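Engineer: Listed here are the chains, written in short residue letters.
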Amino acid sequence: MESRNAWVVAAPLRSLRASWDELVALFANVGFGVTLLATWALLTTIGVIVEQGKDASYYAGAYAPPLARLILRLDLENIYHSPAYIGILGLIICSMAAATFVKVIPRRIPRLHPVRIEAIPLHATIQVAGDVESVRARLAAFFAARGWQVRTRSFGGEEWTFADKSNWARRGVLVAHIGFVVIAIGTTIYWAKGYSGQFTVLSGQTATIPQNGATIALDRFAYRIDPIRTKAGIVYQPIDYVSDATITGRDGVPHQAVIRVNHPYDVDGTLVYQATYGFGIDFRLTRDGRPVPGPDRPLLEGEGFVVDGTARAIEYQRFVGTIDRTTGQPGPDPRPNDPGVVIEAFDGDRPVGSALIPLGEPVDLGAGYRLDAARYVLYSGFQYRYDPGIPVVGLGALILVLGLCIAVYSLPARLFVQIRPVDGGSEVGIAATTVKGYDVFEDRFGEIVAELRRTEPGLEPPGPAPSPAFAG
Amino acid sequence: MDPTRVWIDTALLEIGIAAYVTGGLVLLGYFLLRNPVLRNLGLPLATLGCAAQFAELGTRWWMTGVWPLTNLYGSLSLFSAFSVLIFLVFAYRYNLAVIGGFVLMLAAIALGYATTWNEGTMPAVPALQSYWIKIHVPIVVAAYASFMVACCVSVLYLVKDAAERYFQRRGANVRGAAATSGGPALDVALSASYAAGERGIRREDTPATAQAAAAGDVWAQWLAGLPSLARLDVMQYRIIGIGLPLLSIGIITGAMWAKEAWGAYWQWDPKETAALASWIVYAIYLHLHTRPEWKGARTAWISVIGFGSIIFCYLGVNIWISGLHSYKM
Chain A
181 MESRNAWVVA APLRSLRASW DELVALFANV GFGVTLLATW ALLTTIGVIV EQGKDASYYA
241 GAYAPPLARL ILRLDLENIY HSPAYIGILG LIICSMAAAT FVKVIPRRIP RLHPVRIEAI
301 PLHATIQVAG DVESVRARLA AFFAARGWQV RTRSFGGEEW TFADKSNWAR RGVLVAHIGF
361 VVIAIGTTIY WAKGYSGQFT VLSGQTATIP QNGATIALDR FAYRIDPIRT KAGIVYQPID
421 YVSDATITGR DGVPHQAVIR VNHPYDVDGT LVYQATYGFG IDFRLTRDGR PVPGPDRPLL
481 EGEGFVVDGT ARAIEYQRFV GTIDRTTGQP GPDPRPNDPG VVIEAFDGDR PVGSALIPLG
541 EPVDLGAGYR LDAARYVLYS GFQYRYDPGI PVVGLGALIL VLGLCIAVYS LPARLFVQIR
601 PVDGGSEVGI AATTVKGYDV FEDRFGEIVA ELRRTEPGLE PPGPAPSPAF AG
Chain B
245 MDPTRVWIDT ALLEIGIAAY VTGGLVLLGY FLLRNPVLRN LGLPLATLGC AAQFAELGTR
305 WWMTGVWPLT NLYGSLSLFS AFSVLIFLVF AYRYNLAVIG GFVLMLAAIA LGYATTWNEG
365 TMPAVPALQS YWIKIHVPIV VAAYASFMVA CCVSVLYLVK DAAERYFQRR GANVRGAAAT
425 SGGPALDVAL SASYAAGERG IRREDTPATA QAAAAGDVWA QWLAGLPSLA RLDVMQYRII
485 GIGLPLLSIG IITGAMWAKE AWGAYWQWDP KETAALASWI VYAIYLHLHT RPEWKGARTA
545 WISVIGFGSI IFCYLGVNIW ISGLHSYKM
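As they're listed, the protein sequences go chains A and B. In terms of the working numbering, the first sequence opens at residue 181 and continues consecutively. In terms of the working numbering, the second sequence opens at residue 245 and continues consecutively.
A couple of the hints might just be wrong.
DSS-like, lysine-lysine: derived pairs with alpha carbons at most 25 Å apart [as the list claims (entries may be wrong)]: (1) A:283 <-> B:378; (2) A:616 <-> B:539; (3) B:539 <-> A:345; (4) A:345 <-> A:283.
None of these hints come from the bench; they were simulated from the model. Bear in mind that the values here come from a model prediction, so they are computed numbers and not experimental data.
In isolation and in its complexed conformation, chain A is listed as follows (with noise of 0.2 Å):
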């Protein structure tokens, strides 16, 4: 009864310990490996193809509405943050775990045995003067001053002499694993532990970075752009942003910052970086002269208010640094020389047109309302990030080179060596096997042959050396 029960146990374990067996070659498999990989880079292609994070309304006007909806359905429009992608990414990872615990170690080091000498692609056969032990003593000074690692090894009582070279090297597509297991460990350190985002500030006001409490106070935010003349004609080319920043961190004490593109702040680990900047409006509205409410601060581009007591809303949409006087348009320099704003009016949520108006010149609005842009003051926008992972995401992409490097540019080769003795000397059977296959060792392979040719002692009379036998 006790043993039907064990039984009983033992078989559905044995077919769970099948099928995970499967599942292991299945994704220890190249081609699966492959597929993957495949279908990793075309769901990266269609991301760099469909424009990511935008608005249902963005697509369903750039695009056919069947195709609109399949993007939207299908994620495509966040494609990077989809299920589908990271869940490939996932696939690929236990792929590649497969692949390197059932193939890349155990393969790594392939062990010492004979082998028949003819059925490998390349080999040679060279008769020389001498006992089999003296050519053996012979063979294996010749190998090892070529840097190749000699072993002789008995099978059956005969003896085998291996030469290897670049054993080490045979760690090449482990090590490069490796490295993109770390890349992943790296990533998801950031997602466990790091932040990021992004604030505007305007000129001698202050922020606070919401998740380390560190203020930024922007003291003075300045632009360079130079007019360059080129074939095309004037370009207006920038030429640096830089805000000048009083930060306070945990500390309590404030620090004086020069922050400017390519050259972020560090406060208490998170990094501060110059991103953008605008021209805030400061909008002043009057009816019939007399000042009623308006917005309370300047605004950003896209931001607007609601005309006290009606329906009509004003959205400041863009900066104007220079406005052509003679066609009322705005003009090609984006300093502000003659600057103006464009606004858009909306009833209630219908746009009822919009009108470029120069700062310090009031706009009638109908009903007695005028608006004026009445000054721009400047901001900057930063974006800040906390990413304790870098340091593991660099390690391991540097693990990765390295991997692939060694991998690539490096080809260990073994010879195997069988001598026998002939009618008065020896014969000497070299076979070479490589990690990348037969054709990138040919010319190496017939040069060794080659030379020991010439530095052997052969039974044949002097005279041209007959080409080695390389069977297909």
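Using the hints, position chain B against chain A.
Structural biologist: Chain B alone, transformed into the frame defined by chain A:
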């Protein structure tokens, strides 16, 4: 700007284009006729063009003090110079001059197209004012260039492989016809064989082509003079072996620069992701190249697809898709 320096810049550019076009035609002649005189003439012309291009980029830097790779003109110039440089290394080291005509013609086209983006010299925008531009851009462009040279080898492989299949089919038909008519069967060994060649040991892996060549087929005789399939495969692998580590380092240095400039080492910008897609394609190549059953025509196709993805990443994304690397105005 000093007119003498401008004149030197223009002259070097024109020397580069002229040398590439002339050298390309000469090396195409070598490809068709296999006359060593043409090779010995074409390779120095390629060297001259390559040197002129590097000198032109150096002159531009010297002229303006601005690193010359801040726009598509500089980048494409470096691309064509690197592609010719990599070709020259393989031509001299591995006797691979047969692809020179194609490489030089593509380099000339790239350089010609680059001139349409030549707006003169401009200071760099703030994001490009970083020492990383001197590290990241040359590495990535060198990777692109090596993939272009590898693609030329792959196409040659595919042509020779397709011809071999054609001659195999034709040989089988002739044998079949001979067998049914009771005539003498052709003594053709269709399996791969090895034979002694001009470099000591040379593999003959297109037996049907060799057989057809021996039977007097002119097209087969011409094909038989090309490097063996095995050799082309090894060359293609070696060139991709230069490109893939460079692309990896390029993506990593780009990520380091992005972290310094924008706060995140990876932002899923179209350029980053397109480069990642290309990297994956070449990673597939490397994986498949370890499998004997996939090595050969299939990996050659992957190399061609990979270069297509590089073109998309290099020009398609920069020109047509908005992003942090966009050249769209």
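Engineer: Hints broken by the structure, by number, lowest first?
Structural biologist: 1
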